[in-house]
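S.K.: Residue-level listing of the chains:
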Amino acid sequence: MKKNWPVYTLGALLAAGLIAPLASGAAAPGFWLEVLIGGLMAGVLYSLVALGFALIFKASGVFNFAQGAMVLFAALSLARLSEAMPLWAAFALSALIMVVFAWLVERLVLRALVNQEGVTLLMATLGISYFLDGFGQSLWGSDIYKIDLGISKDPTIILESVFQGGILISKEDLVATVIAAALVAFLAVFFQKTATGRALRAVADDHQAAQSIGIPLNHIWVIVWSVAGVVALVAGMVWGSKLGVQFSLQQVALKALPVVILGGFTSVPGAIAGGLIIGVGEKMAEVFFGPVLVKAFDLAGGGIENWFAYMLALIFLLVRPEGLFGERHIDRV
Amino acid sequence: MFYRENGQFKTSYRADQQILPIRQDRLLMAGLLVVAYLVVPWVASDYLLRAIILPFLILSLAAIGLNLLVGYCGQISLGHAAFMAVGAYAAYNLAVRVPGMNFLLVLLLAGVCAALVGALFGIPSLRIKGLYLAVATLAAQFFIDWMFARVKWFTNYASSGSVSTATVELFGWKIETPAEKYLFLLSVVSVLALAAKNLVRSHIGRSWMATRDMDVAAEVIGIRPVYAKLTAFAVSAFYVGVAGALWGFMHLGAWEPAAFGINVSLNLLFMIIIGGMGSILGSFFGAFFITVLPILLAQVPAMLGFNLSVETGSHLELMIFGALIVFFLIVEPHGLARLWAIGKEKLRLWPFPH
Amino acid sequence: MNPGASLQAVHQAHIGAPILQLEGISLAFGGVQALQDISFDVREHEIRAIIGPNGAGKSSMLNVINGIYKPQQGRITFRGQTFSHMEPWQVARMGIARTFQNLALFKGMSVLDNIMTGRNLRMKSNLLQQALRLGAAEREEIAHRERAEEIIDFLEIQAWRKTPVGRLPYGLQKRVDLGRALAMEPAVLLLDEPMAGMNVEEKQDMCRFVLDVNNEFGTTIVLIEHDMGVVMDISDRVVVLDYGRKIGDGAPDEVRGNEDVIRAYLGVAH
Numbered sequence: 001m002k003k004n005w006p007v008y009t010l011g012a013l014l015a016a017g018l019i020a021p022l023a024s025g026a027a028a029p030g031f032w033l034e035v036l037i038g039g040l041m042a043g044v045l046y047s048l049v050a051l052g053f054a055l056i057f058k059a060s061g062v063f064n065f066a067q068g069a070m071v072l073f074a075a076l077s078l079a080r081l082s083e084a085m086p087l088w089a090a091f092a093l094s095a096l097i098m099v100v101f102a103w104l105v106e107r108l109v110l111r112a113l114v115n116q117e118g119v120t121l122l123m124a125t126l127g128i129s130y131f132l133d134g135f136g137q138s139l140w141g142s143d144i145y146k147i148d149l150g151i152s153k154d155p156t157i158i159l160e161s162v163f164q165g166g167i168l169i170s171k172e173d174l175v176a177t178v179i180a181a182a183l184v185a186f187l188a189v190f191f192q193k194t195a196t197g198r199a200l201r202a203v204a205d206d207h208q209a210a211q212s213i214g215i216p217l218n219h220i221w222v223i224v225w226s227v228a229g230v231v232a233l234v235a236g237m238v239w240g241s242k243l244g245v246q247f248s249l250q251q252v253a254l255k256a257l258p259v260v261i262l263g264g265f266t267s268v269p270g271a272i273a274g275g276l277i278i279g280v281g282e283k284m285a286e287v288f289f290g291p292v293l294v295k296a297f298d299l300a301g302g303g304i305e306n307w308f309a310y311m312l313a314l315i316f317l318l319v320r321p322e323g324l325f326g327e328r329h330i331d332r333v
Numbered sequence: 001m002f003y004r005e006n007g008q009f010k011t012s013y014r015a016d017q018q019i020l021p022i023r024q025d026r027l028l029m030a031g032l033l034v035v036a037y038l039v040v041p042w043v044a045s046d047y048l049l050r051a052i053i054l055p056f057l058i059l060s061l062a063a064i065g066l067n068l069l070v071g072y073c074g075q076i077s078l079g080h081a082a083f084m085a086v087g088a089y090a091a092y093n094l095a096v097r098v099p100g101m102n103f104l105l106v107l108l109l110a111g112v113c114a115a116l117v118g119a120l121f122g123i124p125s126l127r128i129k130g131l132y133l134a135v136a137t138l139a140a141q142f143f144i145d146w147m148f149a150r151v152k153w154f155t156n157y158a159s160s161g162s163v164s165t166a167t168v169e170l171f172g173w174k175i176e177t178p179a180e181k182y183l184f185l186l187s188v189v190s191v192l193a194l195a196a197k198n199l200v201r202s203h204i205g206r207s208w209m210a211t212r213d214m215d216v217a218a219e220v221i222g223i224r225p226v227y228a229k230l231t232a233f234a235v236s237a238f239y240v241g242v243a244g245a246l247w248g249f250m251h252l253g254a255w256e257p258a259a260f261g262i263n264v265s266l267n268l269l270f271m272i273i274i275g276g277m278g279s280i281l282g283s284f285f286g287a288f289f290i291t292v293l294p295i296l297l298a299q300v301p302a303m304l305g306f307n308l309s310v311e312t313g314s315h316l317e318l319m320i321f322g323a324l325i326v327f328f329l330i331v332e333p334h335g336l337a338r339l340w341a342i343g344k345e346k347l348r349l350w351p352f353p354h
Numbered sequence: 001m002n003p004g005a006s007l008q009a010v011h012q013a014h015i016g017a018p019i020l021q022l023e024g025i026s027l028a029f030g031g032v033q034a035l036q037d038i039s040f041d042v043r044e045h046e047i048r049a050i051i052g053p054n055g056a057g058k059s060s061m062l063n064v065i066n067g068i069y070k071p072q073q074g075r076i077t078f079r080g081q082t083f084s085h086m087e088p089w090q091v092a093r094m095g096i097a098r099t100f101q102n103l104a105l106f107k108g109m110s111v112l113d114n115i116m117t118g119r120n121l122r123m124k125s126n127l128l129q130q131a132l133r134l135g136a137a138e139r140e141e142i143a144h145r146e147r148a149e150e151i152i153d154f155l156e157i158q159a160w161r162k163t164p165v166g167r168l169p170y171g172l173q174k175r176v177d178l179g180r181a182l183a184m185e186p187a188v189l190l191l192d193e194p195m196a197g198m199n200v201e202e203k204q205d206m207c208r209f210v211l212d213v214n215n216e217f218g219t220t221i222v223l224i225e226h227d228m229g230v231v232m233d234i235s236d237r238v239v240v241l242d243y244g245r246k247i248g249d250g251a252p253d254e255v256r257g258n259e260d261v262i263r264a265y266l267g268v269a270h
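Protein chains in written order, with this note's numbering: chain U, 1 to 333; chain F, 1 to 354; chain A, 1 to 270.
Hint data in this document are derived by calculation from the structure and do not stem from the laboratory. None of the values given here were measured: they were computed from a predicted structure. Hints may contain errors.
To be verified - Distance ranges between label pairs, derived from CB positions:
1) F:16 / A:93: 24 to 32 Å
2) F:349 / A:200: 30 to 38 Å
3) A:166 / F:339: 15 to 23 Å
In this text, a Cβ means the ideal position worked out from N, Cα and C, and glycines have one as well.
Sequences and hints are given; from them, build the entire structure.
M.R.: The following block contains the structure:
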């Protein structure tokens with residue numbers, strides 16, 4: 001494989017950045033590991049949102065800007081419904097709501113915009129995103145709500161014998177990781193083994209060919225948007241329980257865009273790997289390089305994590321537009 | 001019946017290439033300018049000027065800027081508010097650090113700074129397009145947001161991070177009252193809108209549109225993609241930068257970096273979708289629509305006796321914007337400008353149907 | 001449709017030295033060899049046809065000349081200048097224009113603007129002059145408008161001047177495509193199936209335009225065409241491609257008698 005050297009270079013730089021604080025002795029190994037784990041946990045959440053993006057892009061070629069709004073809406077539904085009923089019932093009902101939403105999107109928007117350019121569809125999802133934000137908050141309210149998964153918030157200390165003071169990790173994060181892994185496994189089986197999954201993959205390969213062998217495109221879209229809706233619900237649940245359900249979830253969800261760029265738009269494993277790289281990268285950058293930057297340029301505080309993911313994606317776009325695992329058919333000029 | 005072009009024969013290409021080839025349109029435009037300059041400043045209340053007309057004018061300029069890039073050159077951007085920020089902070093720094101600099105020069109240089117930054121962030125467009133470019137422009141948005149929030153030099157070491165501007169003075173004329181600001185803005189916007197119209201009907205505009213419609217064919221007939229795309233980014237960012245400087249100095253007066261967040265970028269995009277992509281006139285329609293709708297939503301229900309909370313109003317606004325975007329994309333992708341053109345066509349033939 | 005004998009003699013007398021030479025061009029996409037070691041030349045003022053069955057590499061050949069595809073091997077000499085890699089816009093500026101098999105017009109623009117865009121590479125006024133529409137920019141625009149109008153007259157599309165090209169019927173769009181290329185005032189014009197999908201009448205019109213361009217403007221023409229009648233009638237020399245190789249080259253009559261060519265077109269009995 002030629003032309004891979006920019007990726008290797010970038011990878012080497014990232015790895016060097018990862019190791020540098022530890023190697024230079026600027027950070028205690030325990031603390032370094034704690035940051036690393038924190039980054040991985042955040043990365044799992046990014047991956048979850050990115051998964052929704054990748055699914056929809058794979059099956060319908062739509063770059064779904066509304067994925068963030070879907071996360072927020074699903075989380076709001078879950079939070080408010082769980083006030084009145086047990087969590088499992090609220091989850092089921094929220095999932096149903098997301099399916100209805102998927103159906104409406106297909107009926108009212110996608111069907112009318114079939115065969116339009118990608119950018120038009122992107123703008124349509126921007127519209128959906130605004131609508132869903134307004135609708136969700138009018139329906140469910142716009143305060144900060146809690147989702148209680150019944151997991152203790154207390155941090156657990158592990159590896160006490162290896163590092164002085166051990167390493168703090170929260171149980172919640174561990175649960176999130178398990179949920180994400182379970183979801184990915186479930187999706188993998190769904191795509192590989194079920195008839196619907198096969199149809200989905202056929203549609204992703206070639207819309208027209210799929211249609212010509214009798215796969216109903218509209219039907220597939222409803223399914224894939226429903227699946228993305230449920231993925232959004234899971235992401236919203238995990239995230240909402242961590243940060244509280246509030247409007248800012250939407251902004252965090254926007255981070256999934258660079259994640260899918262990094263992982264490749266069509267790749268499920270890519271979404272996971274991209275999420276982890278960005279989660280770890282931005283945490284490391286914030287904690288270890290933020291202070292350096294602040295000192296060097298006399299900044300009013302760090303906050304590198306606000307743009308780190310996007311800049312990384314930008315650089316990646318320039319050296320390898322198809323992402324880590326994406327297929328190499330891309331609108332290149 | 002009064003809107004006819006019979007008998008108006010063009011005898012030269014110069015006449016045929018006018019911006020408004022139909023006499024009635026020229027009269028309408030002249031009348032509009034007379035009203036805008038001579039009537040509006042006396043009639044409009046300060047509230048009307050401050051709440052609607054001033055923001056409308058400035059946002060029109062920003063929408064024209066974005067439209068040059070998205071509507072004419074076909075390159076998407078979700079980060080244009082960042083270039084507004086560049087214009088605003090550049091103007092602020094020029095005004096603070098070079099006392100007594102002519103405000104027109106400040107505006108010009110602010111626009112040039114934004115153009116340079118715009119061209120820089122336009123470089124990815126040479127390799128990627130569509131959705132990928134959208135994410136690349138988000139990088140501009142978030143990086144520049146962060147830069148102005150954190151790098152103290154840009155805010156002149158203001159402790160709160162927010163900056164405020166002094167009254168603008170131009171050749172001894174203090175631009176203070178809303179009416180004075182209005183006259184100044186009207187002039188700037190008119191000149192720049194005319195310039196934009198000139199650009200899109202010249203060869204540079206044709207090279208943008210050619211790149212938009214069929215990039216390979218454009219290159220084959222001799223259009224340099226690097227030049228077409230980067231000039232589109234630069235000119236677009238210039239307009240948006242000037243708009244940003246005006247937004248800071250004439251509308252906000254004092255602002256924080258959050259004033260130019262991603263929501264502003266998206267709003268600009270909505271303006272051109274609703275107003276009409278690839279239309280200078282449409283940029284005005286879109287800016288007007290987006291400026292007026294929230295105010296209508298705040299006031300009409302109250303007039304009708306409903307009492308909507310501010311919160312409900314803002315949620316309603318989001319829903320209406322969202323629904324309208326989808327509606328326009330499906331029903332009339334060329335926006336209000338196209339509806340206007342259809343209306344004119346009908347009027348030309350009226351009372352006959354064809 | 002057959003030009004008169006004397007006209008033909010005049011045309012033959014005009015044909016000059018090679019203006020465009022291709023030597024050893026090879027092009028591959030991944031593992032697929034699209035063109036293999038192809039060499040031929042095009043003489044000034046002649047009409048040179050490239051024929052071959054579907055998938056023979058004809059369009060790839062034009063794309064190589066255009067700079068859209070970069071051949072792995074070989075070189076191109078145009079008007080004495082030799083190069084192996086060149087960007088499409090540079091090729092255009094050297095004087096090579098092109099029409100497309102699948103229409104590639106600028107759909108959002110009018111007929112006039114499409115043709116005016118063909119004049120873009122000759123327009124000099126800078127950004128500021130254009131923005132302010134200063135005298136020079138306005139004069140330049142008008143001067144080029146005059147040239148564009150000549151082409152519109154030549155192609156007999158005056159009535160559709162301000163119509164968006166997307167609304168025109170296919171045959172007229174093909175004319176606009178030709179007009180846009182002519183507006184560049186090229187030395188060499190590459191035509192990719194200019195008559196594909198046309199009815200007999202439209203084909204006759206297009207033939208007439210191609211011959212007129214060749215005669216009146218002295219433009220050298222390289223043409224891909226499927227209609228053998230047209231090719232044999234109007235071209236001076238023919239290159240035959242099959243599976244990316246050159247299997248024949250010469251005057252129409254010679255090529256018609258070439259056994260490889262007959263085999264490629266009719267297939268061999270296995």
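S.K.: Hints first: check each against the structure and report whether it holds.
M.R.: Right, here's what the structure says about each hint:
no.: 1; hint: F:16 / A:93: 24 to 32 Å; in the structure: 29 Å, holds
no.: 2; hint: F:349 / A:200: 30 to 38 Å; in the structure: 37 Å, holds
no.: 3; hint: A:166 / F:339: 15 to 23 Å; in the structure: 19 Å, holds
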